[in-house]
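**Q** Chain by chain, the residues:
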Amino acid sequence: MVLIQVIVGGLLLGAIYALFSSGLTLIWGMMNFINFAHGEFVMLGMYTALLVVVWLGGGPAAFGLAAAIALFALGVAVYVLLIRHVVRGPMLAQILSSFGLALLLRYTAFWIFSANFVSLPPTSLAGTISLGGIYLPIAQLVAGLVAITLTIALHLLLTRSTLGSGLLAVAEDRAAAMLMGIRPDRMQALTWGLSAGAAGIAGALLATAYPWSPSVGETFGLLAFVTVALGGFGSVLGSLYAGLIIGLIEAVSAYWLGAIYKDIVVYGLFVGLLWLRPQGLMGKA
Amino acid sequence: MKKYLAQPASAQRVSVCLLAAALVLYPLAFSGAFYRDIGVTFLLAAISASAWNIVGGYAGQVSVGHSMFFGLGAYTPLLFYTLWGWPPLAGIPVGILLSVGLAIVIGLPTFRLSGHYFSMATIAVAELIRIFVGTWALVGGAIGLQGPAMSRGWWDLTFRGDLPYYYIFLAVLAFVLIVTFALERRRFGYYLRAIKSSERAARSLGVPVRRVKLQALALSAAFTSAAGSLYGVKTGFIDPDSGFGILVSVQMVIFAALGGAGTLFGPLVGALILVPLQTAANTWFGGSGSGLTFILYGGIIVLIARFEPGGLFDLWHRFAPRVWRRVHAA
Amino acid sequence: MLLEARNVSKAFGNFRAVAGADLTVEEGEIVGLIGPNGAGKSTFFNCLAGDTLPTTGRILFDGADLTRAPPEAHARAGIGRTFQVPTTFADMSVLANVMVGAFLRHPHRNDAREHARRIVEMTGLRAEQPARSLGTPGRKRLEIARVLASEPRLLLLDESLAGLTPSELQDAIALVRRIHQMGVTIVIVEHIMEVIMTLTRRVLVFNQGRVIASGTPEEVVRDEAVIEAYLGRGAPRQRESS
Numbered sequence: 001m002v003l004i005q006v007i008v009g010g011l012l013l014g015a016i017y018a019l020f021s022s023g024l025t026l027i028w029g030m031m032n033f034i035n036f037a038h039g040e041f042v043m044l045g046m047y048t049a050l051l052v053v054v055w056l057g058g059g060p061a062a063f064g065l066a067a068a069i070a071l072f073a074l075g076v077a078v079y080v081l082l083i084r085h086v087v088r089g090p091m092l093a094q095i096l097s098s099f100g101l102a103l104l105l106r107y108t109a110f111w112i113f114s115a116n117f118v119s120l121p122p123t124s125l126a127g128t129i130s131l132g133g134i135y136l137p138i139a140q141l142v143a144g145l146v147a148i149t150l151t152i153a154l155h156l157l158l159t160r161s162t163l164g165s166g167l168l169a170v171a172e173d174r175a176a177a178m179l180m181g182i183r184p185d186r187m188q189a190l191t192w193g194l195s196a197g198a199a200g201i202a203g204a205l206l207a208t209a210y211p212w213s214p215s216v217g218e219t220f221g222l223l224a225f226v227t228v229a230l231g232g233f234g235s236v237l238g239s240l241y242a243g244l245i246i247g248l249i250e251a252v253s254a255y256w257l258g259a260i261y262k263d264i265v266v267y268g269l270f271v272g273l274l275w276l277r278p279q280g281l282m283g284k285a
Numbered sequence: 286m287k288k289y290l291a292q293p294a295s296a297q298r299v300s301v302c303l304l305a306a307a308l309v310l311y312p313l314a315f316s317g318a319f320y321r322d323i324g325v326t327f328l329l330a331a332i333s334a335s336a337w338n339i340v341g342g343y344a345g346q347v348s349v350g351h352s353m354f355f356g357l358g359a360y361t362p363l364l365f366y367t368l369w370g371w372p373p374l375a376g377i378p379v380g381i382l383l384s385v386g387l388a389i390v391i392g393l394p395t396f397r398l399s400g401h402y403f404s405m406a407t408i409a410v411a412e413l414i415r416i417f418v419g420t421w422a423l424v425g426g427a428i429g430l431q432g433p434a435m436s437r438g439w440w441d442l443t444f445r446g447d448l449p450y451y452y453i454f455l456a457v458l459a460f461v462l463i464v465t466f467a468l469e470r471r472r473f474g475y476y477l478r479a480i481k482s483s484e485r486a487a488r489s490l491g492v493p494v495r496r497v498k499l500q501a502l503a504l505s506a507a508f509t510s511a512a513g514s515l516y517g518v519k520t521g522f523i524d525p526d527s528g529f530g531i532l533v534s535v536q537m538v539i540f541a542a543l544g545g546a547g548t549l550f551g552p553l554v555g556a557l558i559l560v561p562l563q564t565a566a567n568t569w570f571g572g573s574g575s576g577l578t579f580i581l582y583g584g585i586i587v588l589i590a591r592f593e594p595g596g597l598f599d600l601w602h603r604f605a606p607r608v609w610r611r612v613h614a615a
Numbered sequence: 616m617l618l619e620a621r622n623v624s625k626a627f628g629n630f631r632a633v634a635g636a637d638l639t640v641e642e643g644e645i646v647g648l649i650g651p652n653g654a655g656k657s658t659f660f661n662c663l664a665g666d667t668l669p670t671t672g673r674i675l676f677d678g679a680d681l682t683r684a685p686p687e688a689h690a691r692a693g694i695g696r697t698f699q700v701p702t703t704f705a706d707m708s709v710l711a712n713v714m715v716g717a718f719l720r721h722p723h724r725n726d727a728r729e730h731a732r733r734i735v736e737m738t739g740l741r742a743e744q745p746a747r748s749l750g751t752p753g754r755k756r757l758e759i760a761r762v763l764a765s766e767p768r769l770l771l772l773d774e775s776l777a778g779l780t781p782s783e784l785q786d787a788i789a790l791v792r793r794i795h796q797m798g799v800t801i802v803i804v805e806h807i808m809e810v811i812m813t814l815t816r817r818v819l820v821f822n823q824g825r826v827i828a829s830g831t832p833e834e835v836v837r838d839e840a841v842i843e844a845y846l847g848r849g850a851p852r853q854r855e856s857s
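From first to last, the protein sequence lines are chains P, S and Z.
Residue 47 in the numbering used here sits at position 47 of the first sequence; the count goes up by one each step and never skips.
Residue 426 in the numbering used here sits at position 141 of the second sequence; the count goes up by one each step and never skips.
Residue 763 in the numbering used here sits at position 148 of the third sequence; the count goes up by one each step and never skips.
Hints were generated in silico from the structure; no laboratory data involved.
Incorrect hints may have been included.
List time: in silico SDA-like cross-link candidates among lysine to any residue, alpha-carbon distance up to 20 Å [as the list claims (entries may be wrong)]:
1. Lys262(P) / Leu3(P)
2. Lys262(P) / Pro372(S)
3. Lys262(P) / Gly426(S)
4. Lys262(P) / Trp421(S)
5. Lys262(P) / Thr420(S)
6. Lys262(P) / Gly419(S)
7. Lys262(P) / Gly272(P)
8. Lys262(P) / Val2(P)
9. Lys262(P) / Ala314(S)
10. Lys262(P) / Ser213(P)
Turn these sequences into a full structure, and let the hints steer you where they fit.
**A** In structure tokens, the structure reads:
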């Protein structure tokens, strides 16, 4: 019984991993760029939720939206001010830019918020619910379901809408897209906004159910890498499957081996993937 | 004399000689413990950054997890001592061997793929090792390991006072720089720079790209491991964070990048600027100083990436011609 | 027979960029490869150079099967190539660029430097100039110099003469001729008919991944299938009626 609870809990958390990982995979597939600061975007989403609750006293819908908007804006700003200029330059500049940004965001958060773990005051999603004998915090359940919905929505946006085709066109062939009247710069800024926004919402969802500190950025960043590596770079659907799998593996490892070892399992999985199947489940290499 | 100095090659030679002399004489001129400590810290930083520079600066393969080699080098001497009472000196070559092995294990699969895979792998593996070591009681777990409290002989590398360490570190730094200089001038150095510029073009000219990258990484790992060993024996203590922590990796990168990644003296210059700055920050702000330091580091890295990826070296070359012209016109 | 490409195909998913192309080149020839954009010439070149793995077919160079060999092996065997978009090593000087090529056959720095200097002189470039300060014509010339330093027996030129002024073009044609006289076999992809007519004695025409015509430049230019490929159906009839 406990095992089933662990599994379900893992899948729900994995859904949130899927959501923020799809943001990372989007940037990778679109611009061949790895955002080392992506975990920090999630972390900032969590703190945005906290600030909204503490200052404005909103509910999950309010701070969820606030996190989405704030991080969307941040994503666009980061693209316009920084990424746009380094993306056509040497690899060193590209990697340093997002890596440096990660440090900047992470340690500024440490400076402002201190290293203490915090959690949201109880929201309308407090309490547990009993489903077929297993007890789940309502917040976790709602967070997980919302995450799955949003991830699928993102996938549909990319594959079925005109906007999505524009984004994919730029990824495919920038010059050709320009000839068709699509503005690559705008599309890429939009992609960064979407990516960061997804991370932000994921952060807000996580905040409803789990405590955190500025250190989670680093952990989530690596988790996002592992998820994207497993699911395939560039595939949102792949991130969905991979996120669920990773969440599951993480939860079961923690249950069987202990909390400390779950990280080793997950990172070990990543290294194994690099050796055996770098293109992941559904991606192009 | 003026004419001699006006030629760039001779001016360079003179500068290097002056630098060498300054480094050799420094601890004799500044004999206080505080100054010697900064000197030793600077040398260690310069060695690590120069080691990173070989694969990250010259070959353009950006490792942000080089602490894995540093940590291996720091742990092995102290481990040999803790487990079997062996002199730490014996552990140093083992650390180097392990690091080279690890370098090959990481490089083989990732160098087939794009540069980002390699960078991601280095972060993940460094973290993996850090967490794993923290759980392994044999190597000290979260508490770490200690070295000899009392010296049983020179092979324990446990000296009182900083002076012996200073000159040992200086010798190692000189060795690393000489090796880098030698490689820079030969085919290997040209191949490294070609790979950094365009792997595709390099391949089309017969450059064995994957092999060269592996060699660069292995060499870099060996030197980084040596730096870690020096740190371990000097401090007499190591734990997962001081050995394998991300801050160790970041420091190597930023020292090299600030001074000029891919240049011989770039890492030295970066260390020369940032080590005193970091020490000052720690002294003024105390514990919170380290938090501030890393906000600063993050900011500096972003600025370097955005405006001058070639670091101060490139910046100097952009402005120096104008300065030279004005000096000569006067 | 120096180079033999048999039934080479390259498919990207459902799209067949190259579909059963054949090419034989004797030592000492200069062969031209023309065709409209998107016809598959560059992809075919990439297969010949080892940059792309052909889906089917074989590529034999001097008897050795290089079909699945990586680009480095092609270069060592003696196949050199230039790129349609020049990929010079921007952070290095002209001389250093050429030295990278020279190091293939001259592992020691002084030999490589001497060899590179001779090539730099021959191509009319300035040794100490930073590669990034070169304009496109200079970069194309540098690419040729660089690959020449690796002493290829077969040189694949991918639109290396495009975008030049008339006088630059004459210089470039003279350079290619000189390279040919040094004994290098050349396959050249070009859109500029003057280059094809004056330099090559045999031309293959690509369209939609296949070779649709081959012969001397004069023959090929008059071939109906070729005209149709470039101008579309109905063009020959229009010419007749006017």
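**Q** Each hint should be assessed against the structure and marked as holding or not.
**A** A quick look at each hint next to the structure:
Annotation: proposed proximity of lysine 262(P) to leucine 3(P) holds, straight-line Cα distance about 15 Å (limit 20 Å). Proposed proximity of lysine 262(P) and proline 372(S) is contradicted: the alpha carbons are some 36 Å apart, above 20 Å. Restraint check: the Cα-Cα separation between lysine 262(P) and glycine 426(S) comes to about 17 Å, which is no more than 20 Å; the hinted pair holds. Distance restraint check for lysine 262(P) and tryptophan 421(S): the Cα-Cα separation of roughly 15 Å lies within the 20 Å cut-off, and the hinted pair is therefore satisfied.
Restraint check for lysine 262(P) and threonine 420(S): satisfied, since their Cα atoms lie roughly 12 Å apart, inside the 20 Å limit. Proposed proximity of lysine 262(P) and glycine 419(S) is supported: the alpha carbons are some 13 Å apart, at most 20 Å. The suggested pairing of lysine 262(P) with glycine 272(P) holds, with an alpha-carbon distance near 15 Å, which does not exceed 20 Å. A C-alpha spacing of about 17 Å is found between lysine 262(P) and valine 2(P), which places the hinted pair at or below 20 Å, so the restraint holds.
Taking the CA atoms of lysine 262(P) and alanine 314(S), the gap is near 53 Å; set against the 20 Å cutoff, the hint is violated. Pair hint lysine 262(P) plus serine 213(P) holds up; C-alpha atoms about 19 Å apart against a cutoff of 20 Å.
Of the numbered hints stated above, those contradicted by the structure are hints 2, 9, listed in ascending order.
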